[in-house]
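Undergrad: Spelled out from the first residue to the last, the chains are:
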Amino acid sequence: EAQVTQNPRYLITVTGKKLTVTCSQNMNHEYMSWYRQDPGLGLRQIYYSMNVEVTDKGDVPEGYKVSRKEKRNFPLILESPSPNQTSLYFCASRGGGTNYGYTFGSGTRLTVV
Amino acid sequence: AQTVTQSQPEMSVQEAETVTLSCTYDTSENNYYLFWYKQPPSRQMILVIRQEAYKQQNATENRFSVNFQKAAKSFSLKISDSQLGDTAMYFCAFMKYSGGGADGLTFGKGTHLIIQP
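Chains A and B supply the protein sequences, listed in that same order. Residue numbering for the first sequence follows my numbering, starting at 3 and increasing by one per position. Residue numbering for the second sequence follows my numbering, starting at 12 and increasing by one per position.
Isolated chain A, as found in the complex:
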């Protein structure tokens, strides 16, 4: 089944403790993105990647890192999480060609205390 898999689905952590949210897609997609969703703000892009080793900042990149060492994986790293990073996070991917819709993962609910 074609899908984007995020882990974990829920995570509670403490301020300053480094964490990684994993994202993997099995569709051989070039493009991958990370978003955070906050009430009343919709979804905002954190980082995106156009291919292996090619990443760029989105609208809200502060406090986050990403890497794209393999085409299928695009982990989101919070080196020193803070409470204002408490949010719902989504990873998404899409291929090129005529199929321009992004496929989303199931989301990761992160709480930083």
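Worth double-checking, as some hints may not be accurate.
Claimed, not checked - Residues from chain B shown here face chain A by an in silico Cβ test under 10 Å; the list is partial: (1) P51; (2) P52; (3) S53; (4) G96; (5) F102.
These are computed hints drawn from the structure, not numbers from a lab. Yeah, the Cβ is synthetic: ideal placement off N, Cα and C, and Gly gets one too.
Once you've looked at the hints, dock chain B against the given chain A.
TA: For chain B alone, kept in the frame of chain A given last:
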């Protein structure tokens, strides 16, 4: 930079009625794509419909259709014969086409649609 505006934070209609969700956007790009995503309580993001800006014909997907007005930068979603399962947050999204590359999506803040039995 692009902006997407959804002016209706919440809407409520009776089952089987037709409902229209509005979306406007601002961009200086000429080539782009517009999308409507649905987010039910399960929080999964589901692509409902997409529209290529270079196409004049409005996209349709079963009960879902759009009214795309490029000059007015308007992209509304019409849901016909609404069903209880249509209850969800609906997000309008913009993606510019950048030749060999591509950005991600710029989202509106969403419209919470409630279908009443």
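Undergrad: All the hints need checking, so say for each whether the structure fits it.
TA: For each hint, the structure was consulted:
no.: 1; hint: P51; in the structure: violated (12 Å)
no.: 2; hint: P52; in the structure: violated (12 Å)
no.: 3; hint: S53; in the structure: holds (8 Å)
no.: 4; hint: G96; in the structure: violated (18 Å)
no.: 5; hint: F102; in the structure: holds (6 Å)
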